[in-house]
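Novice: What follows is each chain in one-letter form.
2 protein chains.
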Amino acid sequence: MKYGIAIFPPKKIQDVANSYRKRYDPHYALIPPHITLKDPFEAEDSEIKEMVPHLKEIAKEMQPFEIEINKVSSFTPITNTIYLKVEPTDIIMGLNEKLYGEHLPGEREHSFVPHITIAQKLSDDEYSDVYGTLRMKGFDLKETVDRFQLLYQLDNGSWTVYETFVLGEG
Amino acid sequence: MKYGIAIFPPKKIQDVANSYRKRYDPHYALIPPHITLKDPFEAEDSEIKEMVPHLKEIAKEMQPFEIEINKVSSFTPITNTIYLKVEPTDIIMGLNEKLYGEHLPGEREHSFVPHITIAQKLSDDEYSDVYGTLRMKGFDLKETVDRFQLLYQLDNGSWTVYETFVLGEG
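If you read the protein sequences in the order shown, they are chains A and B. Heads up, the final residue of the first sequence is numbered 174 in my numbering, and it's a clean run with no missing numbers. Heads up, the final residue of the second sequence is numbered 174 in my numbering, and it's a clean run with no missing numbers.
Some hints could be false.
No distinction is drawn between identical chains; accordingly, a pair holds when it is met within one copy or between any pair of copies.
As the list claims (entries may be wrong) - Lysine-lysine pairs mimicking BS3-like chemistry, simulated, CA-CA at most 25 Å apart:
hint : residue 1 : residue 2
1    : K26       : K125
2    : K125      : K89
3    : K60       : K15
4    : K146      : K53
5    : K64       : K102
Note that these hints are calculated values from the structure, not bench results.
Starting from the given sequences, assemble the full structure and let the hints guide the process.
Specialist: Below, the structure is given as structure tokens:
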């Protein structure tokens, strides 16, 4: 099965993200707004059972932390993806690092850019138009994150939560 | 915020449910296939923080249990909802009972019928057609459930998982 690890940011940020995703993100219906912490990886049930205690340990050793969003950015020219840029604090960068630890399944394929996708798979014209408008807009979102989620993918491409890991809890 | 409690059944059952939901359930994109254990209720953050330890206790005192689906059924004439009927074992009925305990927010509004909705808001003609076909079909799904989820609703009507409660765990 395919698994991934993500943060669902507090409702307020999800609602802002969805106001754009609804129009510009074809994955809108597949998963709530999220910060991907570990990209999709294949794993057997048994590997996940082994992984869960490691994830608990990682969560337990952390404390809730703030995320801050001030603007949108984009992955162009690689893809026409537009995202809410999550400020890359040491804490979130360190959490990502731990989730690619050697005891855990799933290999890193690119460097970590904390973000919440709000538009993707746009045509070039649509991309220029939407990005042109959004990059002028300031955002002022600051919220506390206190958990992350291990998810698995269904046959239709959507994601279901397998387990929640609460920061600072055993 | 509005909260609810549900079981996401194992992937195999979710994939079967989605094969119907995709065509017949307008809530297809709002939440993965689920067995509602506690209907949506309003609660403050503080009430949820108080509720979580109770839910942990309820989960801890249980063990993983089997669910069995042999056929579809319907809520007609109340609504044109068609669902996979989850056999109402003592275990799942007892779990529902505990989730309406007096220390927890949210009042019971109707008796508990364990089910996974696969079609709703159909026209009468569509309903007759779909139900006529599906009720002739046997299902033979038996899987183990080992967790339930506390979810909250976003402004667009979709649901995000707040926390997972694993049965038999502290």
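Novice: The structure should be examined with respect to each hint, and the outcome stated for every one.
Specialist: Results for each hint:
1. K26 x K125: Both: 13 Å inside a chain and 22 Å across chains, each within 25 Å.
2. K125 x K89: within (18 Å within a copy, 39 Å between copies)
3. K60 x K15: both (23 Å within a copy, 23 Å between copies)
4. K146 x K53: Classified as between; 21 Å across copies, 34 Å inside a copy.
5. K64 x K102: Answer is within; shortest intra-copy Cα gap is 12 Å, inter-copy 28 Å.
Violated hints for the displayed structure: none, as all numbered hints are satisfied.
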